[in-house]
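Student: As a plain string of letters, each chain reads:
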Amino acid sequence: MAGKPKLHYTKGRGKMESIRWLLAAAGVEFEEQFIETKEDLEKLRNDGVLMFQQVPLVEIDGMKMVQTRAILSYIAAKYNLYGKDLKERAWIDMYVEGTTDLMGMIMYLPLQPADAKEKNLALIIERATTRYFPVYEKALKDHGHDYLVGNKLSWADIHLLEAILMAEECKPDILSAFPVLQAFKGRTSNIPTIKKFLQPGSQRKPPPDDKFIASVRKIFNI
Amino acid sequence: MSGKPKLHYFNGRGRMESIRWLLAAAGVEFEECFLETKDDLTKLQKDGSLLFQQVPMVEIDGMKMVQSRAIANYISAKYNLYGKDLKERALIDMYVEGITDLNELIMYHPSQPADKKEQHFATIVDKATNRYFPVYEKVLKDHGQDFLVGSRLSKADVQLLETILMAEECKPDILAKFPLLQSFKARISNIPTIKKFLQPGSQRKPPLLEKDVPKVMKIFY
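These protein sequences, in sequence, are chains A and B. So the first sequence is residues 1 to 222, counted in this note's numbering. So the second sequence is residues 223 to 443, counted in this note's numbering.
Derived from the structure by calculation, the hints contain no laboratory data. Any given hint could turn out to be false.
[Stated by the list, open to error] Derived BS3-like pairs: lysine-lysine, alpha-carbon spacing no greater than 25 Å straight-line:
#1 A:K87 / B:K309
#2 A:K64 / B:K363
#3 A:K87 / B:K306
#4 A:K218 / B:K338
#5 A:K141 / B:K286
#6 B:K309 / A:K64
#7 B:K338 / A:K138
#8 A:K6 / A:K38
#9 A:K38 / B:K349
#10 A:K117 / B:K338
#11 A:K78 / B:K300
#12 B:K265 / B:K338
#13 A:K6 / B:K309
#14 A:K64 / B:K349
#15 B:K300 / A:K84
#16 B:K300 / A:K87
#17 A:K152 / B:K286
#18 B:K309 / A:K84
#19 B:K306 / A:K119
#20 B:K338 / A:K119
#21 B:K228 / A:K87
#22 B:K349 / A:K15
#23 A:K87 / B:K226
#24 B:K306 / A:K78
#25 B:K268 / A:K141
#26 A:K84 / B:K286
#27 B:K300 / A:K152
#28 A:K15 / B:K309
#29 B:K309 / A:K4
#30 A:K43 / A:K205
#31 A:K43 / B:K260
#32 B:K268 / A:K138
#33 A:K87 / B:K286
#34 A:K119 / B:K260
[To be verified] Here are a few chain A residues that face chain B, going by a calculated C-beta distance under 7 Å:
#35 M51
#36 F52
#37 Q53
#38 R69
#39 S73
#40 Y74
By construction, the Cβ of each residue, glycine as well, lies at the ideal position given by its N, Cα and C atoms.
Next up, chain B with everything else stripped away, as it sits in the complex (with noise of 0.2 Å):
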C-alpha cells in the first residue's frame, strides 16, 4: 500500500494544480488517477468517496480530502508552509485569497464564449496589474525579504509563483513593472523541489488549449 497522496481530478489544471504545485514545492511524491469520462466521475460519485460529489478529491493520510481550499491548507500546515502562528497564518491566507481570485480569472478564461473573449482578457490583465500584482510587489518592498511572509518559503508563495507564470502565459511581459516580483519568480523558481516541477516530465500540467475545453465539459456537465 502506497503511503503517497492520490490526487483525483482531470488530466489538466483547473482546481487541482494548485495542489500538485504545494505537494511538489514540499517534495512529497504523489499519485494521480485521471477522469477521463463522465463516467468515471459518476463511478467516483457512486463510490461514496465524494463528500459533495465533486472532485478535487485527494487520498491522503486516511482522508478522502475535498474542497480545494481544505486540502491546500492540511498540506500546507503539515508540511511547514504556513507560517509560525496566527498572525502569520492570517498574512498567508489573505495573500493566498487575493492570487487565488486572479488564478481563477485565469482559470476561466478558455470557457468564455467567444464574444466576451477579449474583454476577459483584458480584465485578467487590468486586475493582475492594477489590483494583484502592486500588492505583492510592496509587500516584498517594505520588508526586502525573500519571502512573503515570516522570512520563510510558504504556501503564500508558492500560489504567488503559480499565478505569476499563468498571468505570463497570458502576456509575456505582465511583470515589466513589477522589478521585485520578477527578481522573486528567479529565486523561487530555483527552489530544488519547484526547479524540479518546472522541468519537462513533471507532474505539472500544460494550460488547457481551447479545443480541449468541450472534452472537460463533457466530464463535468
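Here chain A stands alone, though its shape is the one from the complex (with noise of 0.2 Å):
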C-alpha cells in the first residue's frame, strides 16, 4: 500500500493545480487518477467517495479529502507552509485569497462564451496589474524579504508563482512594472523542490486546449 497522497482529477490543471503545486514545493510524491470520461465520474459518485458529488479528491493520510481550499490548508500545515502562529496564518490565508480569486478568473476564462472572452482577458489583465500584483509588490518591498510571510517559503509564496505564471501565459510582459516580483520569481523558481516541477516530464499541467476544454465540457455537464 502506498503512502503517497492520491488526486483524482481530470488531466489538466483546473482546481487541482494548485494542490499539485503544493505537494510539489512540499517535495511530497503523489499518484494521479485521472477522470477521462463522465462514466469515470459517475463511477467515483456511486462509490461513494466523493462527499459533496464533485473532484478534486485527494486520498492522504486515510482520508478521502475534497474541497480544494480544505485540501490545501491541510498540506500547508502538514508541512510547514503555513506561518508559525495565527498571525502569520492570517496574512498567508490573506493573500492566498487574493491569488485564489486571480487565477479563478483565468482558470474560467476559456469556458466563458466567445463574445466575452477577449472583455474577460482585458479584466484579467487590469485586475492582475492594478489590483493583485501591486499588493504582492508592496509586501516583499516592504520587508525586503525574500518570502512573502515569517520570512520563510510559505504557501503564499508558492501559490504566488503559480498565479504569476498563469499571468503570464495571458500576457508575456504582465510582470513590466513590478521588479520586485521578477526577482521573486526568478528566486522562488529555483528552489530545488519547485526548479523540478516547472522541467518538462514532471506531474505539472499545461494550459487547457480546445479538445481538452470539450472533454471537461462533457465530463462536468458544463
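Need the complex rebuilt from these two chains, each delivered in its own frame; the hints are there to steer you.
Tutor: And the structure:
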C-alpha cells in the first residue's frame, strides 16, 4: 500500500493544479488517477467517495479529502508551509485568497462565451496589474525579505508563483511594472523542489487547449 | 480605544454574515461601520484600508483583515472553534466549504434576473436536499454526537446552522427529511450566545429584499 497521496481529477489544471504545486513544492511524491469520461466521474460518485459529489478528491493520510481549500490548508499545515502562528496564518490566508481570485478568473476564461472572452481577458490583465500584483510587490518591498510571510517559504509564495506564471501565459510582459515580483519569480523558481516541478516531464499540467475544454464540458456537464 | 473588532460592510448579510455569526457564537462583541453609498466604499479604498480594494474588512487585533475565509479562519482559531488538531481542522474545513457553496447559492438568489429566478430556486432546493443536507445528516447519525466534529462546537456547526436557517427562509419545510438536522438546529440554536444572536435586536441581518438589490449593486458596481 502506497503512502503517497492520490489525486483524482481530469488530466488538466483546473482546481487541482494548486494542490499539485503545493505537494511538489513540499517535496511530496503523489499519484494521479485521471477522470477521462463522464462514466469515470459517475463511478466515483456511485462508489460514495466524493463527499459532495465533486472533485478534486485527494486520498491522503487515510482521508478522502474534498474541497480544494480544505485540501490545500491540510497540506500546507502538515508540511510547515502555513506560518508559525495565528497571525502569520492570517496573512498567508489573505494573500492566498487574493491569488485564488486571480487564478479563478484565468481558469474560467476558456469556458466563457466567445464574445465575452476579449473583455474578460482585458479584465484579468487589469485586475492582475492594478489590484493583485501591486499588493505582493509592496509586501515584498516593505519588508525586503525573500518570502511573503515570516521570512520563510509558505503556501502564499508557492501560490503567488503559480499565479504569476499563469498570468504571464495571458500576457508575457505582465510583470513589466513589478521588478520585485520579477526577482521573486526568479528566486522562487530556483528552489530545488519547485525547479524540478517546472521541468518537462513533471506532473505539472499544461494550459487547457480546445480539445481538453470540450472533454471537460462533457465530463462535468457544463 | 475600543478593543472590539470593527466590521466594514453594507447593512446586510452578504459575505459578512458568516463572520457576524462566528463572532456572536464565540461571545465576542463587535462594532459595525456600514457602507451606504459608493463614496463610502471609495473612501475606504483610497485610505488604503482594503488590501484588494474589497470588503468585507474586519479590524481585529491590529490588523485590517480582508477576504471572508481568512477572517473566518482567524476568528475560529482564536476562539477555539477550529478543532484540536490537523485532522479535525481538515474535517471542519471540508464541511464548511460545502456549506459555503450552498450559502452562496442562496445569497445570490435575490440578484438573479427575473427569467432565471425559478430555475435558480429549484437548484437551491435540489442541492440542499440532495447534495448538502444528506452529508451532515449522515455525519451526525454515524457518530451520534451533538456536534459535527470532535464532540465540541466548531465553525462547522455555526455555519451549518446559519445555512439551515437561510434555506428554511427559501422553503420552510426544507428539513422535512432530515430529523437529525432538525434536532441539531434546535440544539445549536439554544446555545446561549447563539440564542442571543437569534433574538430581535441583535446584529444579525435580515435577508435582502428584491427591492433593495439595486441599492446594494450601486455601492459595488
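Student: Take the hints in turn and mark each one as holding or not.
Tutor: Hints versus structure:
1. A:K87 / B:K309: holds (21 Å)
2. A:K64 / B:K363: The hint holds at about 19 Å.
3. A:K87 / B:K306: Within the cut-off at roughly 18 Å; holds.
4. A:K218 / B:K338: holds (23 Å)
5. A:K141 / B:K286: Measuring from Cα to Cα gives roughly 19 Å; hence the hint holds.
6. B:K309 / A:K64: Holds, at about 12 Å.
7. B:K338 / A:K138: With Cα atoms ~42 Å apart, K338 (chain B) and K138 (chain A) exceed 25 Å; violated.
8. A:K6 / A:K38: Holds: K6 (chain A) and K38 (chain A) sit about 20 Å apart, inside 25 Å.
9. A:K38 / B:K349: holds (20 Å)
10. A:K117 / B:K338: holds (23 Å)
11. A:K78 / B:K300: Holds, at roughly 19 Å.
12. B:K265 / B:K338: violated (35 Å)
13. A:K6 / B:K309: holds (17 Å)
14. A:K64 / B:K349: Roughly 21 Å between the alpha carbons, so the hint for K64 (chain A) and K349 (chain B) holds.
15. B:K300 / A:K84: holds (14 Å)
16. B:K300 / A:K87: holds (10 Å)
17. A:K152 / B:K286: Holds, at roughly 22 Å.
18. B:K309 / A:K84: Since the Cα atoms of K309 (chain B) and K84 (chain A) sit roughly 18 Å apart, the hinted pair holds (cutoff 25 Å).
19. B:K306 / A:K119: With Cα atoms ~46 Å apart, K306 (chain B) and K119 (chain A) exceed 25 Å; violated.
20. B:K338 / A:K119: OK: K338 (chain B) and K119 (chain A) at ~24 Å, within 25 Å.
21. B:K228 / A:K87: holds (17 Å)
22. B:K349 / A:K15: Given that 25 Å is the threshold and the Cα spacing comes to 21 Å, the pair holds.
23. A:K87 / B:K226: holds (17 Å)
24. B:K306 / A:K78: holds (14 Å)
25. B:K268 / A:K141: The given pair, whose Cα atoms are some 20 Å apart, holds under the 25 Å limit.
26. A:K84 / B:K286: Holds. K84 (chain A) to K286 (chain B) sits at ~20 Å (cutoff 25 Å).
27. B:K300 / A:K152: The hint holds at about 23 Å.
28. A:K15 / B:K309: holds (22 Å)
29. B:K309 / A:K4: holds (17 Å)
30. A:K43 / A:K205: holds (24 Å)
31. A:K43 / B:K260: violated (49 Å)
32. B:K268 / A:K138: holds (16 Å)
33. A:K87 / B:K286: OK: K87 (chain A) and K286 (chain B) at ~12 Å, within 25 Å.
34. A:K119 / B:K260: Within the cut-off at roughly 24 Å; holds.
35. M51: Nearest chain B Cβ about 6 Å off; hint holds.
36. F52: With Cβ-Cβ at 5 Å, under 7 Å, it holds.
37. Q53: Status holds, d = 6 Å.
38. R69: holds (6 Å)
39. S73: Since the shortest Cβ distance to chain B is 6 Å, the answer is holds.
40. Y74: holds (5 Å)
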